[in-house]
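Residue numbers (the numbering used here), protein chains in the order written: chain F, 1 to 117; chain A, 118 to 231.
These aren't lab readings, by the way, just hints derived from the structure by calculation.
Be a bit skeptical, because a hint or two may be false.
What the hints assert, rightly or not - Within a straight-line C-alpha distance of at most 25 Å, the following computed SDA-like cross-link-like pairs (lysine to any residue) qualify:
| # | chain 1 | residue 1 | chain 2 | residue 2 |
| --- | --- | --- | --- | --- |
| 1 | F | Lys57 | A | Val145 |
| 2 | F | Lys57 | A | Pro210 |
| 3 | A | Lys187 | F | Met41 |
What the hints assert, rightly or not - Some residues of chain A that are not near chain F, with every Cβ distance over 10 Å (derived):
| # | residue |
| --- | --- |
| 4 | Pro125 |
| 5 | Ser129 |
| 6 | Glu132 |
| 7 | Gly133 |
| 8 | Glu134 |
| 9 | Asn135 |
| 10 | Gln150 |
| 11 | Gly157 |
| 12 | Gly169 |
| 13 | Leu178 |
| 14 | His192 |
| 15 | Gln197 |
| 16 | Gly199 |
| 17 | Ser220 |
| 18 | Thr228 |
| 19 | Arg230 |
Ideal Cβ placement from N, Cα and C applies to all residues, glycine included.
Residues per chain are reported as follows:
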Amino acid sequence: NAGVTQTPKFQVLKTGQSMTLQCAQDMNHNSMYWYRQDPGMGLRLIYYSASEGTTDKGEVPNGYNVSRLNKREFSLRLESAAPSQTSVYFCASSVLRGHTSSGNTIYFGEGSWLTVV
Amino acid sequence: TQLLEQSPQFLSIQEGENLTVYCNSSSVFSSLQWYRQEPGEGPVLLVTVVTGGEVKKLKRLTFQFGDARKDSSLHITAAQPGDTGLYLCAGAPARRPNDYKLSFGAGTTVTVRA
Chain F
1 NAGVTQTPKF
11 QVLKTGQSMT
21 LQCAQDMNHN
31 SMYWYRQDPG
41 MGLRLIYYSA
51 SEGTTDKGEV
61 PNGYNVSRLN
71 KREFSLRLES
81 AAPSQTSVYF
91 CASSVLRGHT
101 SSGNTIYFGE
111 GSWLTVV
Chain A
118 TQLLEQSPQF
128 LSIQEGENLT
138 VYCNSSSVFS
148 SLQWYRQEPG
158 EGPVLLVTVV
168 TGGEVKKLKR
178 LTFQFGDARK
188 DSSLHITAAQ
198 PGDTGLYLCA
208 GAPARRPNDY
218 KLSFGAGTTV
228 TVRA
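Looking at chain F on its own, in the form it has when it is part of the complex:
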């Protein structure tokens, strides 16, 4: 009963280093998302993938890249980490593209805590 699985759970990077956050879902969902959560700011959408093979920018895409590897997996890459990217990152998935259709539930992973020093 895994749902949405993210790795790693915790990571400390030095400024300028690169890393990839991995995400996989086992619910056969079409859409996948990456959010970041910062104190007092709620969740902000970084990138989105409506379906396998497509990706779109969200509110805060600068400094990030994504890959929808297949229907199950959606990775987030930081090419040159900056202290401003210190945050908690959440991967999520849903069956439908639209968030607001009644009954369309978004499932979140447990989060990845990233610190850039």
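Fit chain A to the given chain F structure using the hints.
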């Protein structure tokens, strides 16, 4: 500036008391969702409200969508320590009801003391 403003930011109450959390906006939403997030975990969807004036109940939790679909409230009756968590509201503006760019409020941290 947050599209969705939540208040209060923090709320600490004694077990058995009631509480209300508010989610307000100047924009009209096609629907609003409420999530609860516990420390170290991701948000979990509690409810989606889609019709202006709609009231939904989930055990001791009552959710209301404003008539003008610009605001929502969450009321918890006889709060229990298990209700402790961060409550987030989220929605998409009515002009783009199926947009994936869901906007989240900053959240209300609720602490229920035993």
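>> So A/Arg230 supposedly isn't at the interface. Is its beta-carbon more than 10 Å from every beta-carbon in chain F?
In response: Fine: 22 Å to the nearest Cβ keeps A/Arg230 off the interface.
> Is the nearest Cβ of chain F still more than 10 Å from the Cβ of A/Gly133?
Replying inline: holds, 29 Å
> Minimum Cβ separation between A/Ser220 and chain F greater than 10 Å?
Replying inline: violated, 8 Å
> A/Pro125 clear of chain F by more than 10 Å, beta carbon to beta carbon?
Replying inline: holds, 13 Å
>> If we take the beta carbon of A/Gly157, is the closest beta carbon in chain F still more than 10 Å away?
In response: Given a closest Cβ separation of 7 Å, the condition is violated.
>> Please check whether the beta-carbon of A/Gln197 is more than 10 Å away from every beta-carbon in chain F.
In response: holds, 23 Å
> In terms of Cβ atoms, is chain F entirely out of 10 Å range of A/Gly199?
Replying inline: holds, 19 Å
> Against chain F, does A/Asn135 keep a CB gap of more than 10 Å to every residue?
Replying inline: holds, 25 Å
>> Does A/Gln150 clear chain F by more than 10 Å, comparing its Cβ with all Cβ atoms of that chain?
In response: violated, 8 Å
> Is the nearest CB of chain F more than 10 Å from the CB of A/Leu178?
Replying inline: Since the minimum Cβ distance to chain F is about 17 Å, A/Leu178 lies beyond 10 Å and the statement holds.
> Taking C-beta pairs only, is A/His192 more than 10 Å away from all of chain F?
Replying inline: holds, 21 Å
> Does F/Lys57 pair with A/Val145 here, judged by a C-alpha cut-off of 25 Å?
Replying inline: holds, 23 Å
Checked against the numbered hints above, the structure breaks hints 10, 11 and 17 and satisfies the rest.
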